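Chain by chain, the residues run as shown.
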Amino acid sequence: MLSRILFKAGRPVSSCVRVAARMSSSTPSTLQVVDKNYPARVQDWENFKMPGAPYEGMGPLPPVPDFDENLVRHYVIPEYWFDFLYPRTGATGMYTLMAGFSAMLVSKEFFVYTPDAWYAATLLLTVAGLNKVAGKDIRNLFDNMRTDELKALDQVKSDQMEHIKQTVDEIKLEQWRSGSTEMINDALKNNLAMMLETEYLNRQATVVEAVKRKLDYQVEVQKVDSQLAHGHMVKWIEEKVMNTITPASQKTTLAACIAQLNAMPAK
Amino acid sequence: MAEKVAETVARNGIALHPKYYGAKLEAGMKLPGDTRLFRDIKLCEVPQWIMKRNFTPLGMWFWVKRLKWGWQSKYLHVRAPKGHYYAQLAVCLTIGFYLSEYIDGGIKNERHRKYH
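So the protein sequences, as listed, match chains A and B.
Its first residue numbered 1, the first sequence is counted upward by one per residue in this note's numbering.
Its first residue numbered 1001, the second sequence is counted upward by one per residue in this note's numbering.
Hints in this document: simulated from the structure, not taken from any laboratory.
Please note that a few of the clues may not be correct.
Claimed, not checked - Cross-link-like lysine to any residue pairs, in silico, SDA-like; alpha carbons within 20 Å at most: (1) A:Lys108 <-> B:Asn1109; (2) B:Lys1082 <-> A:Arg146; (3) B:Lys1108 <-> A:Arg88; (4) B:Lys1042 <-> A:Arg88; (5) B:Lys1082 <-> A:Gly52; (6) A:Lys172 <-> A:Glu182; (7) B:Lys1068 <-> B:Phe1097.
This structure is a prediction, so every number in the text was calculated from the model and none was measured.
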């Protein structure tokens, strides 16, 4: 908000006057004093977009209007009443009217003069006198107390900001001193590339191994199948053959083999 | 004098903020038929204006509310208020209290003279 810009350390008043001058070229001097004491106001409130606003029309409400002391004379009589009578009775019309009216009230004793009236009159005169003598000073006192509190709050924030900035600067200085930021960055980059390559190759090898295992399994399955078939066939043939071999046939076969052996010449 | 009047009226002449003048303060409020400023009405039109007023209890309640908000937003809910609100309040309360004493109290017996 504007207060933080205006009350930065070392720039108390001049920027406020600059802001007040920017606000409107015809700002009267009383309002410049008010701007110094009540600075937190958005000037262009109709076009101000709330940051992070959930919906579109959520703008700031119009700012509270400034108070114009020319509206009221002697604190209680609106200026409009004087201007209403000006065309017929001139500048003193209202005063004459009030004087005549109070004269009528007193003479007809609608207003009775009692001790209470005396007390009220003295109270009024005392308060008016005090206002005339010390009014501005008291008001300035309270306004300064208020602006001092605002300044202190803003000072807290600016102090923290400066502390943080100092810390950042110190860190950067240390980094520069060791001269290590660039080298660290390069090493990290190379390391990263190498690690990526290694990971890639590892995963490739894993994939290859997995595929190979599956294919080996199929091969083993086929082998086992063929073995089983071969063994089964052999057994079956043997069984059949054993079944055909009778003692009689054995004898004949044996005699035939001996005859063949006898028939072969000695080579 | 006329230019000063025009300047003040243009800057700050209407009680409520120009964005909210004549607007309903609450949802169920009904504004009276004629919402011109009282200063813009001619004397011959005043009875007509009075007849258009909302004389129901709720209407009079909202009338008081509009008066109060108008008066306070002109003198109290401003950026740098001063003592004008409290001075006017004191005068109004004084007059009101004196009137109640006069109408229904013992002030008439404390007159200094019997015949005026």
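Here is how each hint holds up against the structure:
{"no.": "1", "hint": "A:Lys108 <-> B:Asn1109", "result": "14 Å, holds"}
{"no.": "2", "hint": "B:Lys1082 <-> A:Arg146", "result": "15 Å, holds"}
{"no.": "3", "hint": "B:Lys1108 <-> A:Arg88", "result": "36 Å, violated"}
{"no.": "4", "hint": "B:Lys1042 <-> A:Arg88", "result": "17 Å, holds"}
{"no.": "5", "hint": "B:Lys1082 <-> A:Gly52", "result": "37 Å, violated"}
{"no.": "6", "hint": "A:Lys172 <-> A:Glu182", "result": "13 Å, holds"}
{"no.": "7", "hint": "B:Lys1068 <-> B:Phe1097", "result": "19 Å, holds"}
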